[in-house]
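Asker: Here the structure of chain B is known, so what remains is to put chain L in place on it, guided by the hints.
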Amino acid sequence: MSEIAPSTTDAPILRSENLRKSFGPIEVLKGIDLDVKRGDRIAIIGGSGSGKSTLLRCLNFMELPTGGKVFLEGERIGTVRTARDGSQSVTYSERELMSVRRRVGMVFQQFNLFPHMSSIENVMEGLVTVMRRPKSEARARAAHELERVGLSDKLDVYPGRLSGGQQQRVAIARALAMDPEVLLFDEPTSSLDPELVGEVLRTILTLAEDGRTMLLVTHELGFAYRFATHVIYLYDGVVHETGTGEQIFRNPQKEKTRAFIARSSEFSL
Amino acid sequence: MQQYEWDFGAVLAYWPMLLHGLWGTVAISALAILFGIVGGGLVAAMRMSRHVALRTIGTAYIEFYRNTPGIVHFFWVYYALPVITNVKLGPLEAAVVALATQSSAFYAEVLRGGIQSIVRGQWEGATALGMSRADALRRIIVPQAARRMVAPFVERSFEIVKTSSLASTLAYGELLYQGMQIASITYRPLETYSLLALIYFALLYVLSSLAKILEDRLQEA
Numbered sequence: 508m509s510e511i512a513p514s515t516t517d518a519p520i521l522r523s524e525n526l527r528k529s530f531g532p533i534e535v536l537k538g539i540d541l542d543v544k545r546g547d548r549i550a551i552i553g554g555s556g557s558g559k560s561t562l563l564r565c566l567n568f569m570e571l572p573t574g575g576k577v578f579l580e581g582e583r584i585g586t587v588r589t590a591r592d593g594s595q596s597v598t599y600s601e602r603e604l605m606s607v608r609r610r611v612g613m614v615f616q617q618f619n620l621f622p623h624m625s626s627i628e629n630v631m632e633g634l635v636t637v638m639r640r641p642k643s644e645a646r647a648r649a650a651h652e653l654e655r656v657g658l659s660d661k662l663d664v665y666p667g668r669l670s671g672g673q674q675q676r677v678a679i680a681r682a683l684a685m686d687p688e689v690l691l692f693d694e695p696t697s698s699l700d701p702e703l704v705g706e707v708l709r710t711i712l713t714l715a716e717d718g719r720t721m722l723l724v725t726h727e728l729g730f731a732y733r734f735a736t737h738v739i740y741l742y743d744g745v746v747h748e749t750g751t752g753e754q755i756f757r758n759p760q761k762e763k764t765r766a767f768i769a770r771s772s773e774f775s776l
Numbered sequence: 028m029q030q031y032e033w034d035f036g037a038v039l040a041y042w043p044m045l046l047h048g049l050w051g052t053v054a055i056s057a058l059a060i061l062f063g064i065v066g067g068g069l070v071a072a073m074r075m076s077r078h079v080a081l082r083t084i085g086t087a088y089i090e091f092y093r094n095t096p097g098i099v100h101f102f103w104v105y106y107a108l109p110v111i112t113n114v115k116l117g118p119l120e121a122a123v124v125a126l127a128t129q130s131s132a133f134y135a136e137v138l139r140g141g142i143q144s145i146v147r148g149q150w151e152g153a154t155a156l157g158m159s160r161a162d163a164l165r166r167i168i169v170p171q172a173a174r175r176m177v178a179p180f181v182e183r184s185f186e187i188v189k190t191s192s193l194a195s196t197l198a199y200g201e202l203l204y205q206g207m208q209i210a211s212i213t214y215r216p217l218e219t220y221s222l223l224a225l226i227y228f229a230l231l232y233v234l235s236s237l238a239k240i241l242e243d244r245l246q247e248a
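Note that the protein sequences, when read in sequence, are chains B and L. Each residue of the first sequence is one higher than the last, beginning at 508 in my numbering. Each residue of the second sequence is one higher than the last, beginning at 28 in my numbering.
This list has only true hints and no planted wrong ones.
Coverage of chain L stretches by chain B, computed from C-beta distances (three or more under 8 Å per stretch; other residues unrestricted):
1. 151-164
2. 167-174
Simulated DEER-style distance windows between Cβ atoms:
3. Gly657(B) <-> Ile84(L): 50 to 58 Å
4. Glu186(L) <-> Gly574(B): 47 to 55 Å
5. Ala161(L) <-> Glu753(B): 45 to 53 Å
Calculated from the model, a selection of chain L residues having no Cβ within reach of chain B, i.e. all distances over 12 Å:
6. Tyr31
7. Ala40
8. Ala54
9. Ile64
10. His78
11. Glu90
12. Thr95
13. Ile98
14. Pro109
15. Thr112
16. Gln143
17. Ala198
18. Asp243
Quick caveat, the hints were computed from the structure, so don't treat them as lab data. Glycine residues also receive a C-beta, built at the ideal position from the N, C-alpha and C atoms.
Pulled out of the complex, with its shape left as it was, chain L reads as follows:
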């Protein structure tokens, strides 16, 4: 077998493209996480509602996203939505909508899991003092649940960052798409995709270190 000659230089020459891609990945992920948390709160509230209709909608929403692949959501929002609504989203918007709606379902489960892990006695201790359900949730349940939610929340957010690479299929210039371009220009897929993996790894590693600090802070409090 012929010795392969590594040449990262050829790939690194296109660093502005990679930087652009990194920015694209961060933008999609940050927006999807932000909207996903808001949506997740709503879905979780529905899922735990006392009203059967709301509970059913919440459950159906979560089950839908749990049982369909992410790439179908991307294609549906980008190619199918315009057919029925006359709304033509750009690749970034479509990717954010697809990712945020999907992550809403997963964040909702993180929230619900955290809240339901708090024993019933805490609700009783709070309501026996005359607290409203809302106050009990705000003062007693959520502060305790939050600590337990950090780890699964971080896990979910990582999934979002990784899933954002699906935006490449919509020809949006995130990290993977930019890499594909560079690979086809340089004919160096080995270096390009190795480098890409390294960049994803570094990005998530930094984020997980930050999350760890946050988690420790919360445990101390």
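Chain B extracted, bound-state conformation:
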């Protein structure tokens, strides 16, 4: 059972300083400062191309940042090397990134379930291969996580036989089984049929009740409002405005934020 820690506690569990990411000549993230404290639920919103998915993917190093710093529990990720001419570069060892990713879980837009494994095998995989847990223990844990997302009747079903919403719930269970300190959701409902969105959002909300630390990139602004303790509005690769859900959705201070929120039907009134 995860401890419920108040969101006001001390040092950030995950932190970025001046985080930058370029793809070739295009700079997508232009210096992002972010503090994630234990129990925080942060919704990252913004138009397409604003860099919100890239930001999330840099936090578990699915993408390697091209500048800035990331700290996990106060520890800087990556090794800084200084060249003879004084210029600095950061290198990341596979071992270090494996450890970060184990602690910072991710749920993808496209689920990325393993199609050659049943639901329960998908959820067991990290426990067995990464955590080196015995199979029997992993199976029990996986069954528990699948029950938590309401899929205890689908343990031996392969992903190809599940609906999109069910697949995404298996993916959530798979991430939860690793007991990550932070859980990242990258547009978890964007590839779902509208009628399947609700079940996935409800699942995510139950995790909120458990006090999980989560970051969520989403287009579902109504959900972001219900879900988040903090909202970040990204515009053109920088944090344009940040605040509580109430502040950002009901009383945005900046023109661009206001325009973005107004475009969403849920807040257009």
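Answerer: Chain L in isolation, oriented as in the chain B frame:
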């Protein structure tokens, strides 16, 4: 036109020679496939390496074999290699070396094609759990790629069995060479080469049936 009188009996009388040849064909092919798979794994690993030098070597290797005829490899290994290395290979060894190095290039492409056909999201799903690249490859990518590799792999192996007939040019007693001998003894090339085609066909047909069973098994799994 005079009616041709078929006489398979005259040719079949030499069945021990044919059997010997069949064994030769199977031996060359089996060894070439075995070493070819091992070599193909190495070449594929180089071809997909993160190191530019290894990648270049892998690519050059594949391109070399793709763009030169098989018989040149046979002649090179058998006649040219001894000139520079002092290593004189027998016809069987030379044929196996020539075929295995060549099939390494082709198997490497089968492996690479299979692995690269697996979408990036599978790598991400695996590494996001904290898996190493090696574990992701072993647990997630290869099991999925293997199913897609069976058909091109079988296709390549058939090419090897057929190409093994080039060993006849090194006077190794495989099927074609034995047939040539029988034809010149019996003066019956029509029956001999017809029979030869039939034997190759039967051999490959049996193998393809076995491959089909394997493929179905993998699809079910």
